[in-house]
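Engineer: Listed below, chain by chain, are the residues.
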Amino acid sequence: MFDITVNGVKHQVDVVSEMPLLWVLRDELGITSPKYGCGIALCGACTVQVDGEAVRSCQARMADVAGKAVTTIEGVGNGKLHPVQEAWIEHQVAQCGYCQTGQMIQAISLLKTHPKPTDKDINEVMSGNLCRCGTYERIRVAIHAAAEKIGGE
Amino acid sequence: MGATPGLSRRAFVFGSAAVAGGVAFGSYGRAEETPASPAPTNPLAADLGPDSVAFNPWVEISPDRITLIAQHADIGQGIGSIQPVMIAEELDLEFGQFEIRFAGPSPAYFNTGFAHELAPFMAADQSPEAEKARAVALESLRQSGLQMTGGSSAIPDTYEKLRVAGAVARETLKAAAASRSGVAVADIRTEAGHVILPDGTKIPYVALSAEAAKIPPVTDVKLRDPSQWRLIGKPMERLDTRAKVTGEIMFGIDRKMDGMVYAAVKLNPNKGQPIKSYDASKAQSMPGVRQILKLSNGVAVIATNSWYAMQAADLVECIWEPSKYPAEQAGHWDIVQSSFTPEFLAKQWRNDGDIDAGLKEGTLLEAEYRAPYVGHQPLEPLNGIGIVTDDGMEIWVGHQTPQSVQYIAANAIGMKPEQVTFHNEWSGGSFGHRLEFENVRALAEIANQLRGTPVKIVFSREQDFLQDIPRQIAMGRYRGSVKDGKIVAADVQVAATPPFKELLGRMGMPPKAPDGQLAVGIWNMYYDIPNYRAASFEVQGVSPSTTWRSVGASANGFFTESFIDELIHAAGLDPLQARIDMCKIPIYRKLLETVGEMADWKGPLGNGKGRGVAFVESFGTSVAEIVEVTMTDAGIKIDKVWVAADVGKVLDPINFENQVQGGVVWGLGHAMNCELTYANGAVQQTNYNHHEAMRMYQCPVIEVRGLENDYTVRGLGEPPVPPAAPALANAIFAATGKRIREMPFNKFIDFV
Ligand code: FES
Ligand code: FES
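Protein sequence lines correspond, in order, to chains A and B. Quick note: the first sequence, position 88, residue 88 per this note's numbering, numbers continuous. Quick note: the second sequence, position 200, residue 200 per this note's numbering, numbers continuous.
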């Protein structure tokens with residue numbers, strides 16, 4: 001049995017210690033916003049926050065994240081939309097949308113370390129997040145817009 | 001239907017598909033019915049609740065809700081949003097006042113949008129003969145009842161019929177309100193989900209559902225002039241945008257059911273071949289594992305969650321029946337190379353002037369091009385949920401051809417197609433992947449062995465790559481001549497596997513006609529070259545292949561637009577101006593001029609920079625692109641892309657831009673660095689590190705302009721793809737002097 005807190009809610013799960021957090025969230029807890037894309041840290045679709053850090057949940061073993069606080073896209077705005085989500089809506093980034101929860105979690109993490117990111121910063125941090133639909137340019141624009149929003153708050 | 005003489009010429013994108021469709025989907029054939037006709041033919045009628053009305057197959061109103069039916073599958077292209085918007089436009093609904101539901105299988109949802117592709121005439125041809133052939137094609141489609149999302153046809157298919165569906169519902173609601181209130185229909189209007197009487201009384205549509213159900217739908221309706229539109233053509237928020245940002249949207253892979261078990265598979269990577277034997281002793285003892293099942297082409301592990309199932313499936317040791325195609329990639333190319341013979345000639349599509357004489361004039365150029373197998377690999381892997389009982393199967397899967405899901409699943413378990421109930425899902429991309437059936441077949445076999453238990457199948461990414469039926473493999477042999485600053489002749493031969501023909505074969509409707517997709521990009525070539533010949537050869541005995549975003553044009557467009565560029569350079573002309581000068585169709589010329597203006601094209605740039613242009617019409621939609629690159633110490637950097645696309649009418653300008661940008665990224669990314677290659681009968685690329693395509697750091701700014709000069713509304717999901725690769729190759733030539741004639745380009749040049 002492992003304890004885990006997701007979006008402020010405590011859960012107990014009975015899984016093997018190697019099970020990746022991604023599958024604990026999706027199949028054991030029914031929290032499906034983190035997506036399975038590649039399983040080996042190549043796509044970023046599974047990205048969530050663990051204790052505030054963006055993490056590829058397909059690579060985080062349950063035993064290593066037990067007791068920690070996990071935040072998925074549902075939890076980033078504390079009941080409201082996060083400015084990154086607002087920007088994602090305003091710029092209509094999503095096509096199929098499958099990669100986008102991971103993209104937004106990664107973008108939130110980028111904006112914490114780079115409140116005014118340059119395109120180069122964006123390239124460096126966001127290039128690990130694959131989008132098969134090709135929404136990169138809109139992601140870039142939305143990140144700049146989100147930075148404005150957060151800066152203006 | 002009877003054979004239509006004209007159809008054989010462009011026996012085209014569909015070939016005899018629509019014809020065969022009537023046979024394959026015979027049990028659905030209710031050919032006498034028209035799509036907008038009411039009750040008995042309406043697929044919604046059967047499940048209608050009390051006091052509810054279904055005016056037609058697209059609009060359902062019950063006392064508590066309005067539901068608009070999306071007949072086309074949403075695979076990320078936004079059709080799940082624009083379909084209801086087109087209905088809402090005429091029905092006077094606001095966003096938030098209705099729900100969207102995907103359609104089940106029904107011939108009422110036959111795709112009218114393929115009529116243009118099916119008729120053997122060029123897209124821009126408005127002659128009476130062309131229109132007549134399209135009408136004949138439409139009738140054959142109606143009789144086939146084929147419901148399919150693909151070929152960039154969803155907008156052409158639905159543009160009129162969904163507005164009509166909305167108008168019929170509106171007028172019928174008004175008639176119901178008239179009979180309730182005694183007011184003349186002419187004095188009644190509608191607004192925001194309400195019928196409004198002259199005294200200002202507002203009756204919600206839902207309050208009229210029971211009465212509307214009792215009167216025949218008013219089908220004599222007039223569509224509003226586009227100048228009156230509130231929604232269509234205006235910037236709008238796609239209806240799925242918010243749910244995709246909050247994480248609420250449920251894709252197929254996210255669905256869960258009570259009592260469900262999880263399945264992972266290991267299938268024979270020698271495509272199409274069965275399993276010989278297996279040893280599951282290691283897998284059996286893995287945590288979470290419940291059962292190991294043998295399938296016709298592999299094994300399935302049943303476990304308590306997907307990860308346990310995938311881990312165990314990995315450990316099953318399988319002995320596979322070897323492939324029927326060459327085990328090694330070189331063998332595939334050998335076969336392609338030797339297919340340029342009369343035996344494999346599918347069709348000579350064009351023969352203008354005197355090609356032999358033309359090629360003898362001036363300077364002769366020869367070039368050979370290649371396009372490899374490529375994977376689809378949408379980010380959501382193949383999946384599905386199924387439950388089989390003694391009565392039939394129910395299946396939840398994101399798919400573009402509902403009737404084929406029924407056909408494949410039923411065949412796999414010895415049932416009849418009509419025993420399979422299909423539910424569509426929002427899909428995390430497709431690019432052609434969700435026209436195939438590897439997940440459907442495996443799911444049916446598994447659920448059949450576990451009757452009564454819902455089964456969820458999720459392919460691991462590795463299995464998804466290994467089972468992905470790739471884009472066609474293709475070679476082009478091009479010869480041409482230039483003289484006195486003019487292109488005199490071009491002789492075009494393409495040998496490739498026939499992707500659409502093969503797909504139709506797997507759908508149970510193998511066409512006899514040549515695959516029209518192999519003609520796209522060589523037949524519909526619009527430059528005025530006096531001596532022009534184009535032929536396709538269909539390669540046999542290699543890997544199966546299928547439709548991949550933009551299909552035939554993804555390879556042929558690259559070949560032809562690269563070779564045209566070579567001829568233009570040999571003739572000493574400017575690549576853009578020469579194309580404009582040679583282009584025979586005024587609206588396409590305008591398109592080329594527009595993209596030139598956008599990019600401020602002024603000829604060579606120097607300083608290691610180069611620009612390339614390409615123009616391809618596919619699925620009726622003409623798209624011109626200019627790519628600008630810089631040769632840096634670290635390799636080629638793509639700086640910027642300009643795109644002009646003419647779709648006749650832009651329905652959702654924001655999504656339009658997004659689709660074009662995505663198509664360009666798709667075209668460029670795969671041209672840069674993607675191929676699937678076979679070794680030991682299996683593809684060697686099993687995850688995104690081997691098949692990366694474009695990432696953020698490589699993505700240029702992509703400037704888009706939509707034109708509305710075409711005479712009819714066109715689709716956009718695929719047409720931005722084909723010009724991207726040749727425009728990039730042509731830009732690399734302009735920057736470096738190096739001609740790249742084979743994809744992926746990174747075999748020949750580095751990219752930043
Ligand atoms: S699923 Fe975790 S990075 Fe792709
Ligand atoms: S929006 Fe489809 S993968 Fe990114």
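No lab work stands behind these hints: they were computed from the structure. C-beta: ideal position from N, C-alpha, C; glycine also. There's no promise every hint is true.
[Unchecked claim] Examples of chain B residues toward chain A, derived with CB under 7 angstroms:
(1) K244
(2) S306
(3) Y325
Engineer: Against the structure shown, which of the earlier numbered hints fail to hold, in ascending order?
Structural biologist: 3
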